[in-house]
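Residue numbers (my numbering), protein chains in the order written: chain A, 1 to 268; chain B, 1 to 378.
Read the hints as simulated data drawn from the structure, not as lab findings.
There may be inaccurate statements among the hints.
DEER-style ranges, computed between Cβ atoms [claimed, not checked]:
1. A:P75 / B:T178: 22 to 32 Å
2. B:E168 / A:Q92: 54 to 64 Å
3. B:T357 / A:E253: 27 to 37 Å
4. A:D249 / B:K250: 40 to 50 Å
5. B:K250 / A:L112: 44 to 54 Å
6. B:P229 / A:P75: 31 to 41 Å
Below 27 Å or equal to it, Euclidean Cα-Cα: the simulated DSSO-like pairs (lysine-lysine) are [unchecked claim]:
7. B:K173 / A:K157
8. B:K232 / B:K173
9. B:K162 / B:K173
10. B:K250 / A:K156
Treat the numbers as computed from the prediction; the structure is a model and nothing was measured.
Glycine is no exception: its CB is placed at the ideal position from the N, C-alpha and C atoms.
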Amino acid sequence: MNTTNNSNQHDRLRALVVEDEWPARNYLVELIEASGLAEVVGALSDAEQAREVLHATAGVTVDVVFVDVQLAGSPGDRAGLDWAREEIAAGQPFSFVVATAFESHAIEAFELGVVDYLLKPFSEERVKHCLTRLRSRHPVAPTSTLDRLRIVSRRKKSLVFLDPDEIWAFEAADRMTFAHTEHGTFDLDLSLTAIETSFGRTFLRVHRSWLVNLKHVKELEREGTETRLFVGNRMSDAGQGVFVQVARDRAQEVRDLLLANSTGLRRA
Amino acid sequence: MHAGSSTDTRDIVLARGYRRVLGVAFVVVLVLLQVAVQFLTSHDRVRAVTQLVYLSVELPVLMGALSIGYRWAMRRRLGSFAMLCLGVLTAGFIGAVFGALIWRLAQSFPMLRFHAGSSIELSRAIAFSTTFGQLHFGLWALAFVFPFAVDGARLRAFEVEKHRIEAEQLRSKAELVTLRANLEPHFLLNTLNAIAGLVVEDPTEARRLLVCLGDLLRDALHDEAELQPLEKQIDWLRRYAEVLEARYPKAVHFSWEVEPAAGHALIPRLLLQPLVENAVKHGALRRSQGEGHICVRASLVHDATANTDRLVCSIGDNGPGFQGPARDAAFGLRAVRRRLELKYGTSGALHIESSATGTCATVELPLASPEFGASAAS
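Start from the sequences and build out the full structure, keeping to the hints where you can.
Here's what the structure looks like:
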């Protein structure tokens, strides 16, 4: 069971999502992950960042880039298409899929060498169909087990690549997502739900705005009806970590899950 | 304009009966004149009377025949050359018949003194009266056909002008409709996509956006009058802004400074929409860092020279500005300019100021749009 799971993991395409709108970006990441045919290695809001990620030496390996034809941050009416044209002309090994509201854009994109298109609004079916076609056309070479999925985030203007194990927790606050790590806090261009779909196995949603790495949970505190966790490297008095509020309706579940994998405390 | 044109047409049609009377009078006067001249030169009373009698028999017969022939030819839609031949033949034939008749009368009753000198040959009399018939044909044409031809030409010219004006009105109406800002299909589909994404993540927000989009669609699809109160337009723009704020959190933020007194001012439908769209697309979203901000302002400003209030609306953003507007931005600006021109002539205006710290688009228009509004919106 475990082995088949693993081989499936490595058959999956590695996708990069470049989409300027927050809800659309999260949606596409969720759909790609849910298809089970690909995993999302990064989700960014403009072509500039995507270029950086793809060309950085410490960057990520990508099989397919999903890019919106119109990217609002860049000049021109079809910045996404222009960028794809550039990369294809430079002979990049990854494929491009364009996301567009109209098929007329897609026809233009095919002439550039884009392999497929995704019509808006996106749907599970459309994404699945697109990925199936991609896989049949470009069989994925199994990658080494070392090449693990990493998370692209930002600190000021530079991009940072994080290993999921390094991350203590993800926090959503005021339409921004932050990754808390021992190296500091980083911005992410993805919603918690989108991250949860990608890393659901190691991370647990303990609150509407918190996704916690179970491995790094150090303390569970209960005060009356309030429950909170301390997630980090050391104990709360040593101060390396963050306090995380647990939602009331999830408190019992979180407690059970943490205790289920631990011994030492007598169950009440 | 329209009402005036139909009464004019009726005037021209009514004139036809009156013209016929005028034609008859014209012929009678000419005949009397001819007889009078004859009498004054020869002082021959008998000859003048016989001539008068002759003409008052021959002319009605000839002209009646010509009119019947003409009407018949009109019904048959004969060409003008065929009509002319028909006229010449009719006039010639009737002239010849009368010539022969008179020759016979002159032979039998010399005391009627049809001919001044000694009697002439029959063939000469017929040839003479045939030519005379042609003269009467000319007279008839002058009296009855010419005025109608002139009227017809006038009527045709009038119709052409009327059609030209109607076509012009239709054109400017159609132009206004195409220039009218609307929900762009891309906006619609991208918003639907965003809502589809939010359904799982944030159902309350998804619901709120659906309601916003519904309101936007209702107002944009409903084809109402060209003018709407500013407050209605601002309401619409607020919904539009809410959708954009949800799609680009942090990157787009709106603020509103609308003077309550300006709310009732009339403004062309969704005139400001392209300006707001530009402020987002080419302003707020182009910032490399930090929150994009758009401010929509509207107020009434007193115009001292005309002693009236003018409506001034401005849309400012804190984007990087532009030198020589982008292609798609220019289209929106052109449409706004043209609509102002069609509606207000030279009294409406759009100004764009752009610097490295932002762009501001300002629309100025008079509160009432008397003559331009009436002709373009009717």
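Evaluated hints:
1. A:P75 / B:T178: 22 to 32 Å: Holds, since A:P75 and B:T178 (Cβ atoms, about 26 Å apart) stay within the stated range.
2. B:E168 / A:Q92: 54 to 64 Å: This hint holds: roughly 56 Å between Cβ atoms.
3. B:T357 / A:E253: 27 to 37 Å: Hint violated: Cβ distance 51 Å, outside 27 to 37 Å.
4. A:D249 / B:K250: 40 to 50 Å: Since A:D249 and B:K250 have Cβ atoms about 29 Å apart, the given range 40 to 50 Å is violated.
5. B:K250 / A:L112: 44 to 54 Å: violated (32 Å)
6. B:P229 / A:P75: 31 to 41 Å: Given about 36 Å between the Cβ atoms, the range holds.
7. B:K173 / A:K157: Violated, because 51 Å separates the two Cα atoms, which is more than 27 Å.
8. B:K232 / B:K173: holds (22 Å)
9. B:K162 / B:K173: holds (17 Å)
10. B:K250 / A:K156: holds (15 Å)
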